[in-house]
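**Q** The residues making up each chain are set out below.
There are 4 protein chains.
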Amino acid sequence: MAGSTFGNRISITTWGESHGAALGVVIDGFPAGLKLCEEDIQVYLDRRKPGQSKFTTARAEGDKVEILSGVFEGHTTGTPISLMVRNLDQHSKDYGDIATTFRPGHADYGFYEKFGRRDYRGGGRSSGRETIGRVAAGAICAKLLRELGVEVFAYTKSIGDIRVSEFELGERDLNPLAMPDSLAAKEAQEYLEACMLNKDSAGGVIECVITGVPAGIGEPVFDKLDAKIAQALVSIGAVKGVEIGDGFEASKSVGSINNDAFEMIDGRIVKTTNHSGGILGGISDGDDIIVRAAIKPTPSISQMQHTVNENGENVDIEIHGRHDPVVVPRAVVVVEAMCAITICDAMLSHMTDRVDYIKEFYKN
Amino acid sequence: MAGSTFGNRISITTWGESHGAALGVVIDGFPAGLKLCEEDIQVYLDRRKPGQSKFTTARAEGDKVEILSGVFEGHTTGTPISLMVRNLDQHSKDYGDIATTFRPGHADYGFYEKFGRRDYRGGGRSSGRETIGRVAAGAICAKLLRELGVEVFAYTKSIGDIRVSEFELGERDLNPLAMPDSLAAKEAQEYLEACMLNKDSAGGVIECVITGVPAGIGEPVFDKLDAKIAQALVSIGAVKGVEIGDGFEASKSVGSINNDAFEMIDGRIVKTTNHSGGILGGISDGDDIIVRAAIKPTPSISQMQHTVNENGENVDIEIHGRHDPVVVPRAVVVVEAMCAITICDAMLSHMTDRVDYIKEFYKN
Amino acid sequence: MAGSTFGNRISITTWGESHGAALGVVIDGFPAGLKLCEEDIQVYLDRRKPGQSKFTTARAEGDKVEILSGVFEGHTTGTPISLMVRNLDQHSKDYGDIATTFRPGHADYGFYEKFGRRDYRGGGRSSGRETIGRVAAGAICAKLLRELGVEVFAYTKSIGDIRVSEFELGERDLNPLAMPDSLAAKEAQEYLEACMLNKDSAGGVIECVITGVPAGIGEPVFDKLDAKIAQALVSIGAVKGVEIGDGFEASKSVGSINNDAFEMIDGRIVKTTNHSGGILGGISDGDDIIVRAAIKPTPSISQMQHTVNENGENVDIEIHGRHDPVVVPRAVVVVEAMCAITICDAMLSHMTDRVDYIKEFYKN
Amino acid sequence: MAGSTFGNRISITTWGESHGAALGVVIDGFPAGLKLCEEDIQVYLDRRKPGQSKFTTARAEGDKVEILSGVFEGHTTGTPISLMVRNLDQHSKDYGDIATTFRPGHADYGFYEKFGRRDYRGGGRSSGRETIGRVAAGAICAKLLRELGVEVFAYTKSIGDIRVSEFELGERDLNPLAMPDSLAAKEAQEYLEACMLNKDSAGGVIECVITGVPAGIGEPVFDKLDAKIAQALVSIGAVKGVEIGDGFEASKSVGSINNDAFEMIDGRIVKTTNHSGGILGGISDGDDIIVRAAIKPTPSISQMQHTVNENGENVDIEIHGRHDPVVVPRAVVVVEAMCAITICDAMLSHMTDRVDYIKEFYKN
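Chains C, S, P and Y supply the protein sequences, listed in that same order.
Per this note's numbering, the very first residue in the first sequence carries number 8; after that it's consecutive.
Per this note's numbering, the very first residue in the second sequence carries number 8; after that it's consecutive.
Per this note's numbering, the very first residue in the third sequence carries number 8; after that it's consecutive.
Per this note's numbering, the very first residue in the fourth sequence carries number 8; after that it's consecutive.
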């Protein structure tokens, strides 16, 4: 299968370029009977919409989603759900040097070598706008998950080396950086303003917590729950690393500390610590699932940079126009979306794991 | 597709449990005409074989591979290559409490909840022995890659917080920890001996460098080259994190530093730095590919641990028997194998990326 | 992977319902560099458009295709090609009994049992309009195939028991039944007129000939070239049977006749007969590929029929409105499309079948 | 995914050549908790074993199956089930001309063009022995299906043009041709004896009836239940055609006859006829599923035949040795196996078709 599709029971296929006619996603295998309207999706898309603060590009992207199929009388029908967002800001313009120059830190050169050509308008397929399809699909999966008692919640864990130290639920949606810590958010804004003055950009870390996933979800080998989450997160444009639970810190720990003890509490098996991040051997252990993604600094900066063009000439470029000094806040909802899709898919898979489940289902 | 298969053009399917009759792998889609014999595979398997130092379990695993299909007259035929390793050490014994108790840090509880039963002998399918199939398949992919000028080389980057500081090629194979730095290796051995005295275990980080991959390899969206490597590495039992290039450090950098400048040198496009780790936007950029995997401390330790059994009772267990105090050195070849499979698969995919490639191929 | 996607190297995913907002297809993995415009696709869609004769429904379906992504500066870019056709004729109306009654010969009952609900407007997803996406994707694959010297040509072989007896190339496009035999076409039209007088419907057989496919295309086991063609054709709504070469007649033959002798002619290996239909052991043998699909009579007829409704009551229905008395002529282009997609996909796969191909490709 | 894997929720991957070390199958995704021993599989393998009558090759193939993984304490564990049959009759011998000559009616030439080499011993991968893995996997799926009330029963429908006219359940297993009609079986044996005298071979048709499948199974578009059955059956070596229900006869019928009326009988929706063969629009309609596969005459015959060798020379060959004059009787269990795998997979898929199923499953 070609590489724009993700998921097994539920498969999403995204399409579209930054400055093409439209972007979208087809969600196949989604179960019938979920109440769904465009507003359910729009609230997710609005969270990644630009122009919401000085730390995100001012581009006016309406990003209004249209449901083209798969929903009838207000419910999903079980057939493919096709969602589309038209690109409003699609005026033809002169892209100048960008059209033939490989921007440092971007996928331009790789695309050119791979395909022999590339859509240079706004990064084409490698634009952050590609995530619109992911977010739209994630909104639907997250809605189904909520009906199963599963919540997916991501937030900015750090910007540069300014790290969230307290967790104030609710604060995330009150500051433009999606940090659940008002002091850290304030400090991070100052750091970003300094970056912007330098015509520079910053990165950060996003953390995602998924609550309510029962133990037993995920496949034992290549499709381990954390392996699929790792693929899902690293497939987001600027992600350069991923951690589950204690992540790289676990590599410095010892077994007697890193092992989470199990204990019966109120008739339920629980863990007394959560170094594992809710996943052991690729299968959920009933605890909160905790993952992190490291986001690199936005590669588009307006400083002069040295590079090469399609003719093999050394050139210098300045990248002007609308660019986020940091993509972390807008990527928070993308991380949520990818986690929701992955978890939802794995939970559906579990339903056929046992002969007794199957016999119970078909007993009549 | 079920979750024991990995890869697209080349698909590997592993099977087998730690104490079952045998373990193996089927490699489907591998091209015809590669010279191949069992020894090509055995040298890789021998690198993960236990009993090679005091830091690995003393279990006598012969791990002799047998080629069952797909090779004829010394060459691959293009049909599935089936490889098998018999479990010699398969004596029936009393597993005692282990049979009904969920070991902390292990997949026992997850398997039980998922499948309603589990093969408790040596961890069953969640054993490190599952990686035998991966390593065998990786050996074959690495052989093909070498014929294309691509080398895959992994090593221990750190044990606990003892980190390689110099890189001495050749040293990796001279110490039992697979560290390319004799001083760090010595220090790490002392650290591990202390762990063993405490009946404790350690983790570490493995780094893998892949040289010779041309620019243009990898798919733009969900099957980004780094996303597939991330899945491949996190799917290895004890891995809790993965990084590409600067990884989490990139999140603290700024664009003007993190962006690698392109430059024409001797008629070729090269990057003057490699913060990206050889992958930009999911597509290889022609530079060395550099990835890291964080390995948690071995969960099997002989200290008393608190846990729960299948009857929902709080119990204490001590895990006796043969256990590696650290799995990092033996996992080095597994990391190499998974990287080789992923890169090989992506390089095959690239051959159909352009109409002109296809017309050239079918021109007669 | 969910069931609206077909193909391996090239994957197509169709979406849309008969009376929803739109229908379309996403083609992923299609190589970069094919010259492509909407007109290339429109000529295929126009061949399946209704309202072209009294033997097809009079519904005015504009069926104008829009390319939403994957094409830039007149060429495919290698990224997903998204195609959409708006449903013009989407007025809300009273579907009366149809909304709650299971039409005989239709998928209504199956959909209802499967999904617990169904889009009853014009058959929803089970409508023949679902094939719009297939035809659009097929047009693109056929264009690539032509550049490789491969032609895909389908026609009506029989209507009822009136069978083409002569083959007049060019005649196919001159009669409304797509029969390459003017006499048979005339006779078939008379037969259809009689059916229509009886408020009844007819079926037929479509044959497809694919020329120019070199020997060696197809996979040996489950993805045999004919097995994938069989899936492709039976996946078209009304198809109840498929044959390769002599098909069911071969079952009555003997080996000495059914075996096609190979012979060297002008330095090329050719077969002196073609009972195999160009495929042996699932792999192309260099001869013309010949396949047939049996199409059942249109299930929508305006005679009174006995059936059951969602309340489990016995009821009688008459199905009024616009219905083709025979779908065969309009399905000809759908058969071509599915064959083109299958062959194109298999030809791309072949490019990675041999180590020497791969070494040649990466030799620099 | 490469082409030796079939199935979605349950994926089977076969491997092995006719005269290699062994043949086998890996069944991944099979649910945990089915009671299973080698004898369950052996009874199916014994049905395809040669040497059981003068109409099948006398080759002594022990074909004893070994379960290598995925079964513990007499039950499936949910992890991959690996099954292997050793080739006993694997003596190295002189294959003479066969080694370099393309046998008419065989896959030899296609394999050679595809892979540039081939395992010529007994047909290698294209041998009928490849079906051992299918039959073994089918035995397990059929066992699960029986626990769900589904029975899969195939038989020889015709040999040459001698067709079963009565259906005597039980008779199938009493004659060497697997025909459920003693008179037809007797006549067919006489026909085959005449073929053998002529050093010739025969074909036939296999019919498979699947009872107990509820309505609502199958996917609406490319993975229609009949489309997947068509792929499954045509993927069996000698199959040249497939029919569902009335098949090609339906193409000559009219809608008023071919449409099966629904009727409430004893509170259940039933069809009063079954022209559809139990599948409408790709989804089961609750009636018996009826499919047929056309098998060509065995291509290996001992008459002199004209062909070409690898050097491009015109040559004549006689194929000596052990060959079935007809493969139909031994293919009956292969048809059963492929139908069982396909139906079982589709029934598992259905369990996630509706949000209310999912909520019911996760309600605690």
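Quick caveat, the hints were computed from the structure, so don't treat them as lab data.
Please note that the accuracy of each hint is not assured.
Heads up, the list lumps identical chains together, so a pair's fine if it works in one copy or across two of them.
Straight-line alpha carbon distances no greater than 20 Å define the calculated EDC-like cross-link-like pairs of lysine to aspartate or glutamate that follow [to be verified]:
#1 K42 x D323
#2 K100 x E173
#3 K366 x E158
#4 K42 x D363
**Q** Now tell me if each hint is right for this structure.
**A** So, going through the hints one by one against the coordinates:
| no. | hint | in the structure |
| --- | --- | --- |
| 1 | K42 x D323 | neither (53 Å within a copy, 33 Å between copies) |
| 2 | K100 x E173 | neither (46 Å within a copy, 51 Å between copies) |
| 3 | K366 x E158 | between (30 Å within a copy, 15 Å between copies) |
| 4 | K42 x D363 | between (30 Å within a copy, 12 Å between copies) |
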